[in-house]
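As a plain string of letters, each chain reads:
There are 4 protein chains.
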Amino acid sequence: MPGLRFAAAAALIVAGMFPCVPARPQAPAATSRAPAAKLVEDLVYANHILYDQGVVDGFGHVSARSDKDPSRFLLSRSMAPALVTSADILEFDLNGEPVDAHGRAVFLERYIHAAIYRARPDVKAVVHSHSPAVIPFGITGTTLRPVYHVSSFLGAGAPIFEIREAGGTTDMLIRDNKLADALAITLGDHSVVLMRGHGFVAAGDSVPQAVFRAIYTEVNARIQAEASRLGPVNFLTPEEAAKAAATLETQMPRAWELWKAHAGKIE
Amino acid sequence: MPGLRFAAAAALIVAGMFPCVPARPQAPAATSRAPAAKLVEDLVYANHILYDQGVVDGFGHVSARSDKDPSRFLLSRSMAPALVTSADILEFDLNGEPVDAHGRAVFLERYIHAAIYRARPDVKAVVHSHSPAVIPFGITGTTLRPVYHVSSFLGAGAPIFEIREAGGTTDMLIRDNKLADALAITLGDHSVVLMRGHGFVAAGDSVPQAVFRAIYTEVNARIQAEASRLGPVNFLTPEEAAKAAATLETQMPRAWELWKAHAGKIE
Amino acid sequence: MPGLRFAAAAALIVAGMFPCVPARPQAPAATSRAPAAKLVEDLVYANHILYDQGVVDGFGHVSARSDKDPSRFLLSRSMAPALVTSADILEFDLNGEPVDAHGRAVFLERYIHAAIYRARPDVKAVVHSHSPAVIPFGITGTTLRPVYHVSSFLGAGAPIFEIREAGGTTDMLIRDNKLADALAITLGDHSVVLMRGHGFVAAGDSVPQAVFRAIYTEVNARIQAEASRLGPVNFLTPEEAAKAAATLETQMPRAWELWKAHAGKIE
Amino acid sequence: MPGLRFAAAAALIVAGMFPCVPARPQAPAATSRAPAAKLVEDLVYANHILYDQGVVDGFGHVSARSDKDPSRFLLSRSMAPALVTSADILEFDLNGEPVDAHGRAVFLERYIHAAIYRARPDVKAVVHSHSPAVIPFGITGTTLRPVYHVSSFLGAGAPIFEIREAGGTTDMLIRDNKLADALAITLGDHSVVLMRGHGFVAAGDSVPQAVFRAIYTEVNARIQAEASRLGPVNFLTPEEAAKAAATLETQMPRAWELWKAHAGKIE
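Chains as they are written, first to last, in our numbering: chain A, 3 to 269; chain B, 3 to 269; chain C, 3 to 269; chain D, 3 to 269.
No incorrect hints appear here.
Identical copies carry no separate label here, and so any pair may be met within one copy or between two of them.
20 Å max Cα-Cα, derived EDC-like pairs, lysine to aspartate or glutamate:
1. Lys245 with Asp178
2. Lys245 with Asp207
3. Lys40 with Asp207
4. Lys180 with Glu167
5. Lys267 with Glu43
6. Lys40 with Asp90
7. Lys70 with Asp95
8. Lys245 with Glu164
9. Lys180 with Asp191
10. Lys180 with Asp95
11. Lys245 with Glu167
12. Lys70 with Asp124
13. Lys70 with Asp207
14. Lys70 with Glu99
Rather than coming from a laboratory, the hints here were simulated on the basis of the structure.
Could you put the whole structure together from the sequences, leaning on the hints where they help?
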């Protein structure tokens, strides 16, 4: 399995690259408030799956709200998602600051995750991606809408966040809580928000659901772009989307098991 | 061979994921009415091939009419096609109900298969897919027509099924026999029917033929979309398509053997 | 190397599939007029490379004029190119008939090769492909012209063959010498001819050159289609193309060695 | 890891292909002016990464200015980048002539590198590619501009070099210092210059930076082409691009480590 061997070799290379990092830095301590091992495992799989499915490259990140403490969330240290192991997962508070970074670098854009967990108690996982298929929608102001039942979580369409309105001339990054709050307001109660000249964010009530939404946001973008060149598109109505989304909930494990198998065994 | 190792690893992972499922659930009993082992093998290969060739992802399914009892058909339990083994194949009656599900979950859309087997005695295998390349045609009302001899089975063009006409506002799924009958009527005596906002169905007189049609429906969609941007398309005439389809019948094993080799050894 | 393991596994599967075929059918006898082993090896590599580079799928074929007898050419029996071994190579005369088929099925369209070898003494190798990227040009009457120096062999543009003019309503196949002669006339002294609703043929003065032309015909098609959507295209002039083609001749081994390495060891 | 095994097998094949080449030709001698082993290693990785990421095929090349002598640069002998080992790296002077070619063939277009190192003391590495995604921009006169922060190094847009203005009717190659100087003038102080009917050149202040720019030039081209079909594009302003580029500098190692891991261990 390519994914498996890739991950193994990658681990060797990373080990060699950062000699100053302990071979097995400690995962969050196993106290009563430490997240369950299953949640950490899901989060590591999510990192590998998002790379394997083409939704992230060297950049992008995925987080999960702690199942033991809703005021904390888990996110890897600053690194390529495909190379993440459980030892790279750190805990953050809802201001986006690491509880204990163990001296490791953290993502500049961790505030994206923090702001969404603050604003949306229902959200348990967040994906941030620069997927090439999605960028064209944000930079042309084209609304991404569901072309089929599998992307019905797009509902009546994904809103687009314009960082110029919130921050003027920036380096395009969500590098503080003020910008992140503005992004969370644009997200509102949607599942997905596009970011002009940057990428998108998908939120879900579990790690598999957020990953599912990120993957099919990218697929929907490719289909919608192609369809728009053939003629006017007959999208799912908001009512069809709502009904389809409810059914789809029950079918997600089917995709998650496939993606895990394809990405290969972790660690 | 990536496919081979992927399947092997996937089997391990699935085994670990469903501890409540017996390691080797029983295949349909070897009575005089049980389908031939060769048919089950072809159906398992079909599942893997359709994933390997990009026609299905975590969703989609393929069935075969029993070679021992035309009032029965074979279809896997509800799972990703790439992970199917012979132990996952169940037998269904022509109402779409499992003869004995052995307690396992079945596809919501098994009625698609049942209705087509009821309406079309000549059909021995059915593929249902959400292929991204095909969706744009259904949602823009663009007729898919044969661009070359290899997709000549498209004849004068594939009809498009609009579920709103048959069921009003739905969750887009063919989840009962009433919707499935409407779909079968739109299919008529064609090889392929597109489903607006959902995907398509390909039917054939054997598992390899249905798989062949599903794969080249997807290829034709990509070619036709690309060609339509260069100028008006000179399609095969219905007469050319009919002649080409007759010749093509004799050449299908060449592709089937390749796809089997590429997908990798099963089980 | 995926290609290597794929070929090995494929050989096993094919061996199991055709029990009536001797495990190692005889290659053309090693008489003074038998082609050199190096030519046969190049031809087997060409089969694997064309599949590995996406120019052929289960269909398509490549031939080489015998280096010992210019009135003979070499072509595999009727099978998927990716699975060809030296034992599958047969010798044909310039009427397109096998010298001795050893009871094996031959391609319906072997006449394509025969007619071009008859009409073009300079041609030593011929590729026939249904590449999806190229079909849109033939079916919209769009001339394929060189977008960069690497495809400069397209010169002032590739002619398009319309089988209706030569054969009326057909099954689209070049299944006799009459149709093949008409195709060869349209090819004229070009390197490549497109076939409406079918595919294309590339000819060269060696196996590597014909393969190179087939691969970059496909790449040129993708680039030209994409460019034509951005605005009017500034193609290489015929003079630039002629100069670039002369230089390119000396650089082809670089690509051939790469493609061999990527396709993997044969047999 | 596919990349790893591919490289290993490729090395075997190449070894067998050039029996006249010593099995381990000497790398530049380890004198005080010889480049550091780390620079040679980075350059070999760059060759493999650019192939693995789809930016070069059998053609294209990447060089690095010597870290011991700014009047020298390192470039492989004339061969496909994917097959390069440290033994294939040669040293050149700023006129583009090899210091000692050890009898091996050198690239016709080595002058591209020489001219840019002459004109731009800040440049430490140069990539030349024929990426299919980028060609459409040069041949339609469409300016490539940054669609997102990751390609912010494109600034206000990449200039396009028209070889007809500098050399009249040519074979499209930069085969002498006169043409190369004209190219360097068009590049000016940009990071990237497109070459009409040929490809592009990316320059950077390190091997990882030049590789990063080459890879994301290709990604930007795909995104921009797609976006331009959806509507008018809202590019990064030059000010946003400048700010984003400054931030991005600090994030590049993340991508470089991933690409190395994916390309596989060299030698």
